Structure formats: structure tokens, C-alpha cells
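Visitor: Each chain, written out:
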Amino acid sequence: MSQVKKAIITAVCMALCVVLPLAFHAVPNAGSIYLPMHIPVLLCGLICGWGYGLACGVVGPLLSNLLTGMPPAAVLPAMLVELAVYGIAAGLCISLIRTGKLYADLYISLIAAMLTGRIVAGIARALIFAPGTMTAAAWATSYFVTGLPGIIIQLALLPSIVFALEKARLIPARYPGASGSQ
Amino acid sequence: MNRIPIGVYIPGNSILHRLDARAKLLCLIALTAALIYANSLPGYGIMAALTAILVALSGLKLKAACAPVKQVLPFFAVIFLMNALFNDQGQALWSWWIFNLSPAGMAAGAKVVLKLILLMILFNILMSTTAPMKITAALVSLLRPLGYIRIPVSDLALMISVALQFIPTLMEETEMIRKAQTARGARFESPRLKEKAESIMPLVIPIFISAFKRADELALAMEARGYRGGGQQIKKAAGPLGKSDFAAMLFAAAICWLQIFAL
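Protein sequence lines, in the order shown, are assigned to chains A and B. Under numbering that gives the first Met the number 0, the residue at position 57 of the first sequence is numbered 56, and the numbers go up by one with no gaps. Under numbering that gives the first Met the number 0, the residue at position 183 of the second sequence is numbered 182, and the numbers go up by one with no gaps.
Quick caveat, the hints were computed from the structure, so don't treat them as lab data. Mixed in with the good hints there might be a few duds.
Said to hold, decoys possible - Short, incomplete list of chain A residues facing chain B, as computed with Cβ under 8 Å:
1. Lys4
2. Ile150
3. Leu154
4. Leu156
5. Pro158
6. Ala163
What the hints assert, rightly or not - Each computed DMTMM-like pair below joins lysine to aspartate or glutamate, with the alpha-carbon atoms no more than 20 Å apart:
7. Lys166(A) x Glu216(B)
8. Lys100(A) x Glu165(A)
9. Lys166(A) x Glu171(B)
Just so it is clear, the structure is predicted and the values come from calculations on it, not from any experiment. Yeah, the Cβ is synthetic: ideal placement off N, Cα and C, and Gly gets one too.
Based on the provided sequences and hints, a complete structural model is requested.
Guide: Below you can see the structure in the form of C-alpha cells.
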């Protein structure tokens, strides 16, 4: 994929970081339950690579905060770290993992990125953003229990989106010629 | 979700339209810092009055300037209620189960919501009075120091600028897809969590496909016109800043200083 296309896809993912949370608005507390901003950042990392994923993870939440007030300024720094790590980890994992099957690559990369992001964000909160107040139980609750519907949605949705985009030829096929293994 | 799209440039010849985009971006940063540090009644009063003056100076209609706020009113209501009902400080006006309505909680909720509203209006003023190309050029100029640590500043500025232009379009498309899926039986407004979760898949996948189609078209168009990335084609903002730009930046810096150190 050309550098221009990667840049424009990243820009679209940044815009989706603002638009998707608004689409989830009907549900109270939707941000922490469905984690809508995670979807474009992870997708950007998976499709465009770690550098673009990092840019999307940093700029997306900043734009959203300025335009819609979400995420609130109090949680923005921790979220920036979390989303930046998602973007980097997703990009690095998908470039390193090649099992020969698209869905296997995507699931392994996604799970690795989601775990890495949550661990780094937890460490950042414990050491920098909320020192002394972060316990293992609080970390598990805020990053895994509250956001469980969001985690399930991401795992169900992201591989389907990548597959749909490949099928629509909007992104290059990862394994050209492979069809049954998809 | 929306009637008046947010972040769309509205051509005009007001004082704010004529200010340099670099100065406007720096003023926005200073005023955002001032808003974050505002913590007293005079502080909030100054910021609210300043925002009202800026709306008047921008020549925008009040409805257009406040359009983004209208779109996230339910979110603000949730923030206000969470602060008002779960604050243990001060004497409660009304208590039931885990809820504890107190004046301190209501004041805290009102402060947070006011800050968010003012921030959104300020950002909307910037976007409505500055042409997208000028914002890109200003970003290239202001982000230039990042180039010393090998961050591709021009590409980053281009991405931010394109993202800002995509937001209104994608919001409109999301609303269209949402309506289409509702007509097909999706239950977005259902109080049941399971039905809401099930309705998300048919909403999100078409949004992404549509957004990526637009990205594909734009990338093709840019490449056809010779753009190859690397940022050589994007010029940084030209010319020195004028007296009015410096005056605006000094004023914004003074407001920021006032909020942090004096109020």
C-alpha cells in the first residue's frame, strides 16, 4: 500500500475516533463499556503499521476531546498511552506474525495488542497518572470487566472489518490467491 | 445525531477569519489551558464572557457556533448527573439508596459541563473561521520542531487536516446508515443491552466500508495529482505574523496566566 493511502486511511481512522463514540451515544456510559475509540486505532495499526497506528492512537483521542469533550481531560493522558500502545502493538504484531491464515494473524495480533495496551496503561496509571490508588483488582475491573462487551465486540468486529475491506479491494490482500483459508 | 455539521469552514471576513491560522491555533492551546485551570466563579465568568465575545467577533450565528454542544447534550446530562448524585461532600439535599444529591455535587457537575461546552465552542470557532489548507500549513509550521526527532511533520499535519475534514462527512453518513439500519429493524434505542449490542455490528461495518471507500478515492485523487507523501508538497504557513496576530496571542497568554496564577 502506498504511503499516501496509508496516511489517508490513518486520517479516516482519526476521524472515526471522533464519530464512532458519538454513534454509541444512546447508551449511557457507552465509552467505557463498548470502547468505540479502540476500534479505529487497532484497525489503523493492523492495516497501516505501527507508526500510523501510533499517530492514530495519539491524535484520535486528542481530536475527540477537543471536538466532543470525550474522553474527559482527567482520563485523557492515560487513554492516550493505552491507545498509542494499541496502535504500535497491533502494527508490530501483524508485521511479525504470518501463519498463512488471515483470521489467525488478526486474532493473535489483536489479542496481543489488547493485552499489551492494557498492561502498559495499567502500569502508567499505577506509576504516573494515579499513583497509589491503582490495585490489581481495580486494574482488572476497569480494563477487563467493565469493558468486556467492548472486548467481545472488538474481537468479533475487527477481523470481519479487515476481511470485508480486503474483499471490497479497499486494502491489499494479505495472502493473495488464498481463499479457502480465510 | 446532527443537523449542523461540526468543524466545517464557513467563509467570511470577520476579525477571526483574518487572523493567521498559526496564531489561532496557539490561542486555542492557551485558552484550553486557561479553561482547564479555571476553578473559581470569576474564572468561569471570564471564560464564558470571552467565548461569547469570540462568537460575536467570528460573525458566526449563535446556533452554528453552539451546534457541536447540541449533539452531545445527553453525554453532558450523564456527566452532570454522575457528579451531582455520587458526590459525598457537603450536606445532601436528597438521598436514596446509593444516590446522594448535594449542592457540592451539582456545582462540580456544572463546572465540568461548562468547561466542556466552552472548549467545544472555542474549537468550533477555530474550525469555522479557518480554511482547511491554512490549518494544514499552520500545523506544519507549528509541528516543525518535531522534525528534529525524525517525526514526519508534514504527513502528520496532512493526516490531522484530512481527519478534521472527514469528521462532518462521516457524521452525516453514520446518521444515514443508522436510519437505514433502524428501518431494517435494528434496535439502537432498545433499553435491553443485548439488543443494543446486536445492533452495533450492522452499524459499524458499513461505516468502516463507507469511510474506507472515501479514503481510497481521496488517496487515488491525490496520487493522480502527483502527491507522493513525504510532505514535500505541503508548504508551511507563509509570511511573518502580523500585529493583530501577536496581540491575540498576548491576550490569550494573559488570560491563561490569569487563570493559573491570579484567580
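Visitor: Next, verify each hint and record whether it holds.
Guide: Quick rundown of the hints versus the structure:
Because the closest C-beta pair between Lys4(A) and chain B is about 4 Å apart, less than 8 Å, the hint holds. The criterion of a C-beta within 8 Å of any C-beta in chain B is not met by Ile150(A), whose closest approach is roughly 12 Å, and the hint is violated. A distance limit of 8 Å between C-beta atoms decides the matter here; for Leu154(A) the minimum to chain B is near 12 Å, and the interface restraint is violated. The beta carbon of Leu156(A) is positioned within 8 Å of a beta carbon in chain B (closest approach about 6 Å), and the interface hint is therefore held.
The closest approach between the C-beta of Pro158(A) and any C-beta of chain B is roughly 11 Å, which is over the 8 Å cut-off, so the hint fails. For Ala163(A), the interface hint holds, since its Cβ comes within 8 Å of a Cβ in chain B; the closest pair sits about 6 Å apart. Of the pairs offered as hints, the one joining Lys166(A) and Glu216(B) holds, with about 17 Å between alpha carbons and a cut-off of 20 Å not exceeded. Of the pairs offered as hints, the one joining Lys100(A) and Glu165(A) holds, with about 14 Å between alpha carbons and a cut-off of 20 Å not exceeded.
The straight-line distance between the Cα atoms of Lys166(A) and Glu171(B) is roughly 25 Å, outside the 20 Å bound, and the hint therefore fails.
In summary, the structure is inconsistent with hints 2, 3, 5, 9 from the numbered list given earlier, while agreeing with the others.
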